[in-house]
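Engineer: Protein chains in written order, with the numbering used here: chain A, 4 to 456; chain B, 4 to 456.
Don't read these hints as lab results, they were simulated from the structure. Mixed in with the good hints there might be a few duds.
Identical chains share a label here; the pair holds if one copy fits it or two copies do between them.
[Claimed, not checked] Within a straight-line C-alpha distance of at most 27 Å, the following computed DSS-like cross-link-like pairs (lysine-lysine) qualify: (1) K32 - K367; (2) K215 - K228; (3) K11 - K57; (4) K431 - K414; (5) K212 - K64; (6) K447 - K174; (7) K11 - K64; (8) K202 - K283; (9) K57 - K239; (10) K453 - K283; (11) K406 - K453; (12) K64 - K95; (13) K283 - K431; (14) K367 - K283; (15) K177 - K283; (16) K57 - K405; (17) K57 - K245; (18) K174 - K237; (19) K435 - K390; (20) K91 - K64; (21) K6 - K405; (22) K228 - K177.
Protein chains: 2
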Amino acid sequence: MQKPTIPKGTRDFTPSETSARNYIFDTIKHVFQLFGYQQIETPAMENLSTLMGKYGEEGDKLLFRILNSGDFIENVSDEDFSQRNSLKISNKISEKGLRYDLTVPFARFVVQHQNEIVFPFKRFQIQPVWRADRPQRGRYREFYQCDVDVVGSNSLLNEAELIQIIDEVYKRLKINVVIKINNRKILSGIAEIIGEKDKIVDITVAIDKMDKIGLEKVNEELLAKNIDIQAIEKLKPILLLKGANAEKLAALRKILQNSEIGLCGISEIQTIFDLLDNLKLTANVELDLTLARGLNYYTGAIFEVKARDVEIGSITGGGRYDNLTGIFGLEGVSGVGISFGADRIYDVLNQLNLFPQFADNQTKILFACFGVQEQKFALSWADSMRKAGLNAEIFPDAAKMKKQMTYADNKQIPFVAIVGENEMQQNKVMLKNMQTGEQQLVTKEELVVKIMM
Amino acid sequence: MQKPTIPKGTRDFTPSETSARNYIFDTIKHVFQLFGYQQIETPAMENLSTLMGKYGEEGDKLLFRILNSGDFIENVSDEDFSQRNSLKISNKISEKGLRYDLTVPFARFVVQHQNEIVFPFKRFQIQPVWRADRPQRGRYREFYQCDVDVVGSNSLLNEAELIQIIDEVYKRLKINVVIKINNRKILSGIAEIIGEKDKIVDITVAIDKMDKIGLEKVNEELLAKNIDIQAIEKLKPILLLKGANAEKLAALRKILQNSEIGLCGISEIQTIFDLLDNLKLTANVELDLTLARGLNYYTGAIFEVKARDVEIGSITGGGRYDNLTGIFGLEGVSGVGISFGADRIYDVLNQLNLFPQFADNQTKILFACFGVQEQKFALSWADSMRKAGLNAEIFPDAAKMKKQMTYADNKQIPFVAIVGENEMQQNKVMLKNMQTGEQQLVTKEELVVKIMM
């Protein structure tokens, strides 16, 4: 019989991987809660009418669709079939899909539950999403997103607090990061000032690549998109602006003096910096005018976070969107949010060896036994350990000492208590420290103290 | 525009529901870890070859299937289509399905990772499963299972510890339960002794319903299954056995004296009771000879848990299976495990009003502000609160006092700190206790102390 497998692009998580991932999720979750965000969950399946058309044509193709139950083929006419158009037929035989991100389900949730929700609504959501992407290194068909958003508030305090949240999460995870910030309104102002207001999308898509392909190639791309050569020349010094945030803002204020929207973007950034002024952040917050982010729904601040010590894409990103719920009929609700990429954070922690060595959820002591009487003795001792909050195990089989020790080693259990006839007579156990090899006969009370230290 | 909806049988979970559910999951998880069980996760999607044929013909129909990506219709011939056999066609256009339970993916995991796993392998798994069942009250198409199993150990210590786990979980959740235990070998012994050895499946299916339909109806069902009337007469006193566990076992020992397998089952139960002897369990453990559990893969102990104070089906169940991984080619690995039904536990806690009133993850203090200067002041104060581990929020908009207070009320935030010009000048805030209505001007240090109390 062949060994069973799992679908490509999906993963099993072993105990140590799950524990490491939970360390990330729990850290993020605690910080979200520290700032008053509350958790929600939405179903894995959404109606296709909710999902379709929200991620562009490419995105629609990447949706995992659920086949209708029962006699689904009834809905396919002979004519439909004879055309052999998979897309058209799939719309007749499936009406549900797996969620593609957490943003659209969140927008759907807000509209559906608008009368139960307290606005401003501060929510976070940590759940898997599914995409029928071609699997490759670091890209999966099932992966978790950790999203935090507030909707129903225009205040820039939210942007400031999201920066604090990013800073606090990475401080706790011990990852050195730089937090990049920009504003869509500044980008609009730049497009306006260089005389290419209508080409804002092409311009943002191109300059978003500065980091990866450099100025030359960006200019080539702009040319290819029919951006005027003079406009490109005007853009150049803006993209190359250097210096501290205050210097960049001062320079920009002059450049954009005739663009109302541009000045508005500058003022927003300035307010966010002012709000953060008194707080001692660990990370640098850096105004990056080449930061554009592909997604078209952003309308104000945009954020991206890079790890300083590892070559890897952005590990957190987000921004403000003024009309996300509009797609479901609820207009005029502004929101801002960010998403933490758990898989990339995992890779960073792994590469930098930053996972804590001993997890709270690990077993602290194993009772090694060689018979039912010993097990019964151990059960009562283990019970005391657990009542003291210590994770304890009893090796269940009367296996050889070596096997029981190997089990403890493999599970990285720091202490083994050997239960033998002599020990039981004295109402003691032989405690072995697995790191030092040291052995010692101890009472139950002594054992608790030893393990707790 | 119509309000968006979610697929029938699925649910959104609001912040308070998510918080209540997490209380259940966290409680269960901590107890699992206290006993040395480790968490794993498996993908939502499994290959259909892994899932099909594992849940009976009915089960196969209830699998949610994922439509293949791309030009799936290519695989359907004109002849296939002309037959319009949905089941046959679905096998050609889908090769993945959503997991139906956690047991089969676990068996698949053990076989696939057998060389990385330390045996005995003690794992738990808390993840959603999907079934295309007809939705009805209390039955959903997406729901969570909380499974804990150990594989690779025959020891009855595992059964004893699982009973301890059940007891500890419900003690922590403050639900009064009775833990029912039986053994498949005893049931086999009974079938043997009444002369209907071959009809063990029909017999277990029928007597499993004793609780619901009573002895009369069970006997009718047995008759309908062609069980001999004399056999039914012999069965009657066994099913009606009353008294303490010890009395039942003594009576049973006589009844089954000529059945080797029956005596083996009795001895197993006896060992489990002996092991638990010294431990002070909160719940009663009750030998229930009518407990059979439908699933055919159980071979030894079987468990079921009932809540005492609410009319509801079993809230936990499980048992020993001697050859679960055999379906994937790994023979001779015995396992035992139980599954907690989170949805039913939720209903019980809800009905008995047992959810803790204030959750740790709740916001402890809201700063009410009326301008950017106040926000900046509040940011620094909130920062101090958070550094002290207290969840704190700042109302982000310069809304009217009433709106900010209503927000605090709705989110059940116990304290509001009002930040006004006077307060800022004195470097203090006006602290309002939302329960008593009491107000007091306090310093930052005083505030931390007040909130922590």
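Engineer: Against this structure, judge whether each hint is valid.
Structural biologist: For each hint, the structure was consulted:
no. : hint        : in the structure
1   : K32 - K367  : both (25 Å within a copy, 16 Å between copies)
2   : K215 - K228 : within (19 Å within a copy, 73 Å between copies)
3   : K11 - K57   : both (25 Å within a copy, 22 Å between copies)
4   : K431 - K414 : within (24 Å within a copy, 52 Å between copies)
5   : K212 - K64  : within (25 Å within a copy, 49 Å between copies)
6   : K447 - K174 : between (39 Å within a copy, 24 Å between copies)
7   : K11 - K64   : both (17 Å within a copy, 24 Å between copies)
8   : K202 - K283 : neither (39 Å within a copy, 75 Å between copies)
9   : K57 - K239  : neither (33 Å within a copy, 64 Å between copies)
10  : K453 - K283 : between (39 Å within a copy, 25 Å between copies)
11  : K406 - K453 : within (24 Å within a copy, 54 Å between copies)
12  : K64 - K95   : both (15 Å within a copy, 19 Å between copies)
13  : K283 - K431 : between (53 Å within a copy, 21 Å between copies)
14  : K367 - K283 : between (38 Å within a copy, 23 Å between copies)
15  : K177 - K283 : within (16 Å within a copy, 44 Å between copies)
16  : K57 - K405  : neither (59 Å within a copy, 38 Å between copies)
17  : K57 - K245  : neither (37 Å within a copy, 64 Å between copies)
18  : K174 - K237 : neither (39 Å within a copy, 71 Å between copies)
19  : K435 - K390 : within (21 Å within a copy, 39 Å between copies)
20  : K91 - K64   : both (12 Å within a copy, 25 Å between copies)
21  : K6 - K405   : neither (30 Å within a copy, 64 Å between copies)
22  : K228 - K177 : neither (42 Å within a copy, 67 Å between copies)
Hint compliance for this structure: hints 8, 9, 16, 17, 18, 21, 22 are broken, all remaining hints hold.
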